[in-house]
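There are 2 protein chains.
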Amino acid sequence: METVPGYTGIARALLERAGARVGDRIRIVQRDGRVFEGILMPRYALSAKPIIVIKLDNGYNIGVRVDEHTEITVVKTREAILREAAAGAPAVVPLLEEQPPLEKRPRVMIIGTGGTIASKIEYETGAVKPAMSARDLVEAVPEIGFIAEVSAEVLMNILSENMRPEYWERIVDAVAKSIAEGFEGIVVAHGTDTMAYTASALAFAFRGLPVPIAFVGAQRSSDRPSSDASFNLISAVLVAARAPFAEVTVVMHGETGDTYALAHRATKVRKMHTSRRDAFQSINARPLARVYPFERRIELVSEPLQRRGEQELRVMNGFERKVALVKYYPGMDSEIIDFLVDRGYRGIVLEGTGLGHVGEWLVDSIRRAVENEIVVVMTSQTLFGRVNMNVYATGRKLLAAGVVPGDDMLPETAFVKLSWVLAHSSSFEEAKRLMRENLAGEINPRHTVDLYPRWPH
Amino acid sequence: METVPGYTGIARALLERAGARVGDRIRIVQRDGRVFEGILMPRYALSAKPIIVIKLDNGYNIGVRVDEHTEITVVKTREAILREAAAGAPAVVPLLEEQPPLEKRPRVMIIGTGGTIASKIEYETGAVKPAMSARDLVEAVPEIGFIAEVSAEVLMNILSENMRPEYWERIVDAVAKSIAEGFEGIVVAHGTDTMAYTASALAFAFRGLPVPIAFVGAQRSSDRPSSDASFNLISAVLVAARAPFAEVTVVMHGETGDTYALAHRATKVRKMHTSRRDAFQSINARPLARVYPFERRIELVSEPLQRRGEQELRVMNGFERKVALVKYYPGMDSEIIDFLVDRGYRGIVLEGTGLGHVGEWLVDSIRRAVENEIVVVMTSQTLFGRVNMNVYATGRKLLAAGVVPGDDMLPETAFVKLSWVLAHSSSFEEAKRLMRENLAGEINPRHTVDLYPRWPH
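Listed in order, the protein sequences are those of chains B and R. The working numbering puts the first residue of the first sequence at 731, with every later residue one more than the last. The working numbering puts the first residue of the second sequence at 731, with every later residue one more than the last.
Honestly, the hints are just simulated from the structure, not real lab data. Note that the structure is predicted; figures quoted are calculated from it, not measured. Ideal Cβ positions, reconstructed from N, Cα and C, are used throughout, including at glycine. Some hints here could point you the wrong way.
Think about it this way: if two alpha-carbon atoms lie no more than 20 angstroms apart in a straight line, the pair counts; the simulated EDC-like pairs of lysine to aspartate or glutamate are [to be verified]:
{"hint": "1", "chain 1": "R", "residue 1": "Lys1052", "chain 2": "B", "residue 2": "Asp1068"}
{"hint": "2", "chain 1": "R", "residue 1": "Lys834", "chain 2": "R", "residue 2": "Glu746"}
{"hint": "3", "chain 1": "B", "residue 1": "Lys1052", "chain 2": "R", "residue 2": "Asp1063"}
{"hint": "4", "chain 1": "B", "residue 1": "Lys779", "chain 2": "B", "residue 2": "Glu798"}
{"hint": "5", "chain 1": "B", "residue 1": "Lys779", "chain 2": "B", "residue 2": "Asp797"}
{"hint": "6", "chain 1": "R", "residue 1": "Lys1052", "chain 2": "B", "residue 2": "Asp797"}
Okay, the calculated beta carbon distance ranges per label pair [said to hold, decoys possible]:
{"hint": "7", "chain 1": "R", "residue 1": "Asn1168", "chain 2": "B", "residue 2": "Ala817", "range": "30 to 40 angstroms"}
{"hint": "8", "chain 1": "R", "residue 1": "Glu1159", "chain 2": "B", "residue 2": "Leu1030", "range": "35 to 45 angstroms"}
{"hint": "9", "chain 1": "R", "residue 1": "Arg1051", "chain 2": "B", "residue 2": "Arg795", "range": "36 to 46 angstroms"}
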C-alpha cells in the first residue's frame, strides 16, 4: 500500500523526506512561521496543487499549501497513536477510511451558482477569494472525494440576492441534464440569502425526481479554519450520494457546534438569522434528516415524500415573472394592490396578519384583482401556524372576494409556487386549484405541538 | 365579617338560602342541567348582574349567571377543606385574599379597542359575544378587582387588522389622558393581529412614561373555560398595577399551560403563530418579565429601560401615513419602488435578505428615492440577527445609495418607528439620524447566543 496516496510533486517529496505516512500525526512549519499540526490524510487527487491535507483535533480537514521552504516532521506515528488509544489515552484517532474503489462511489455533481460558499475555503492563505470554482471546492475539502466520485461545474456566479426566476430556470436545466447523465445525487452551491426560494423553485419544477438534490451554502464570510463551508459541503455531498430520499433539500448546519447538519425539505425551510451557522430552520415541519458528516451517517427525522429511484425524471421548467409578494402592514394603501393590477401582474401572494387578514379597506381592490383573473393567495406574517379564513369576518370577506387561503405555506414558498403554477396551468381556475394542492410537501396537513420552537425566557 | 361579600340581589339570596360562605366548595345546578362546581369567591361588585363567581379546580375563576331556577348546595365547607388539606389530602385550597382596602389598590385603567379578547368571556352562556365593553371584562374576570381599583373605557371597537395610524393616535391620546388623571397603570385590550404594531407606536409616542402600559388580547375565539382571555387579562392588570418598570409591553401567555404570562417590550415583540396561546415572542431580546397571575408575582427577566415614576409624561403623538413596508423577493421589479416615489411616499422600510440585501437592479430606484429625500431603511426578513451592510458588495452599494441600516430592529418596528420619526423630525438628515438612535429599546446592542430559539429536530 502506498504510504502517501494521492500526493504528487513537492507535497509528495516533502512527506517522503519526513518519512510521514498517512495516519501519522505531523507538524507543518511554513516559511512565515505558521505551524499546523494534525493527522496526515490521504489526498483525493483532482489537481496537482502543492497541498497537504491534515485532520485537525477539532475534526476538520484542512489543506495546507506547501513549498520548498516548508518543514515537515512526524510528531507521532499512526501505530503509536493507536497503541496509546488502546491504553486509554485521549488521543485523536481519526477514522481513516480506505478510499473505496472508484466504481463503488456514487457519482455526485456539484453545480456552483455563487455565494459565500464559493469565497472562503482557502485556509492556507487566509485570503477570502471572491469566486471559487466548484472544482476548487473539491480541492479544498478532500473528504468529499471519499464519499462520492465528484464532478463539478460552475454554472454561474451570482450573489444570491441577485437571483431571479430566469436563473432558477437555468439551474433547473443544469440539474436535469446532470440527472439525465446518470449522476446519483446533485449538490447546488448557492448563496444563503435566497437559497430557500431557489430550492423550492426546483422542488416545484421537478415533478418526478429520482435522486436527492442538496442545496448548500456558507453563512460566514470568514477565513477561520472552522468555517461552516466545508462542514456543510461534506454534509451535502453525503446527502446527494447516500440519502434514501429523492427530494430537494437545503443542507446546512443544525446547531452552532459541528455535530450535525440538517437536511430541510426545500418548501418548508427559511433563513431565520442574518449570520448564525444554524440560520436555516424548518417552519411548520420537522427537517427531513439529521446528517452527521464526520460519521458519514444520515438519520431520517421525517417520512420522505419519495425515495431514491421511485420516480422517473419529469421536468416542468418555467416560472411566471409577474408575481408579487406583498406584506401587509397597518394602514397599507390599496393603491399598491391597484398598481399591481394595472401593471398586468398575474399573481399576488399576500402576507397578511394572524389567521389571514388585511385591512378591510383593501377588500375592494383585492376583489378587482380577482375579477381580472389575478390569483391572490393569503399567507401569514406570523410564519408559524395555518391560515384559517373562516374564523373572523375579515377572513370570510376575503374568501368571498376570491382569495385563495395558503394553508400553512411559508409566504416565500407560496410566492415561488404561484410563479410556477401560473406558468403551468391553462386557466385561472386550474391555477387556483393547484395553489390549494400539496405538490411538493409545501403543505403540512398535520402540525404537532412540538413543531413550535422553544423560546428563551 | 360578611359571609358572601360583594353579592347582591338573586345571587346573594341563593347563596344565603344554601348557607354558603366564601371559601366553601359549592355546586351550582342550572335549570338546563349544566353543573358547575368550585370554591365560592368573593365578588368585586362593579355591577349588579346575577353572577356567582367560583374558582374551578384548574385555578380559573368563572362567573356563573344564576336565576330563580338555579340550585346551589354546599359540597364542603371551607373549614373542612382546610382540615383535610392540613391532613395531607389533595384538596384545592385557593388563596382567599381578603379584599384590600380600596385606598390601597393601585388605580388601573382598562382601555378597550376591540379584538378577540372582547368577544369571548361569556362562559356562562357559551356564546361568542361580538363586542364586549371593557366594563364587561371586569365583570367576567373578578380577580382583577383584587389586584387593582379598575376603571374601564371602551375607546373603539376595531378588529386589529383594521388598525391604522389614526387609531394609534387616538389610543395615545386616551392613554395620555388616563395617565394625567393619575392612573398608576394602563391596560389596552387589543386584537392580536396587529397588537405589536400598535404597542410599539405607543412606545415611540411616549418619550417619557411614568407608569407601565400593558397591551393584552386573546388568541382563541372560543367558549372554553380555559380561554386565554382571563389569564392574560389578570396578568396584564398585574403588570399595570404592580410592575416596577414604566414601559409599553405586550402581556400574553408565555407557554401553552397556565403557568406564566410574559411581558414583552413592545418594540421587540412579534406575533409568531396564527393560533397558539404563546404566539407572542420577543425577537433579538429576552422578554421584560415573567408574570405569574395566580401567584400575583412578576419576575424581571431583562433590565428595564425606565422604572415607575422616574420620568415625567411627555407625549409626542402623530404618525406619518406615507410610509411603506416592502418585503423583497427574488426578481422583484424596481417599478414598485418607483411607484412609491411617484406617489409621494416619505419613508420606505425594506425587508431585505440576509445581512440586508436586495437585488442589485433595485439600487438605481432606491438611489432615486433617497435623492427625493425619502428615508429608506433596511431590515432583514430573517427577523433574527442584525443587518450588516459592510460585509458584501451589495450592502455597500446600498449604503452608498443612502440606505439607513436598521440594525437588529424588527421590520414591523422599523416601519412604525419611521412613521413616528417622519412626523417628529424637522429635516431629512434628522430623520435618518433618529432611525439609527435607540429611542425605545427597539435596538438591542448586544445579542447573546441564547437569544435564538431552540428548534425542533
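Do the hints match the structure? See the list:
1. R/Lys1052 / B/Asp1068: Roughly 16 angstroms separates the two Cα atoms, so the pair holds.
2. R/Lys834 / R/Glu746: This hinted pair is violated, its Cα atoms lying about 29 angstroms apart.
3. B/Lys1052 / R/Asp1063: Distance ~9 angstroms between B/Lys1052 and R/Asp1063 Cα, so the pair holds.
4. B/Lys779 / B/Glu798: Satisfied, since the Cα-Cα distance of roughly 13 angstroms is no more than 20 angstroms.
5. B/Lys779 / B/Asp797: holds, 10 angstroms
6. R/Lys1052 / B/Asp797: violated, 63 angstroms
7. R/Asn1168 / B/Ala817: 30 to 40 angstroms: Taking Cβ atoms as reference, R/Asn1168 and B/Ala817 lie about 58 angstroms apart, which means the hint is violated.
8. R/Glu1159 / B/Leu1030: 35 to 45 angstroms: With Cβ atoms ~56 angstroms apart, the hint is violated.
9. R/Arg1051 / B/Arg795: 36 to 46 angstroms: For R/Arg1051 and B/Arg795 the Cβ distance comes to about 60 angstroms; the hint is violated.
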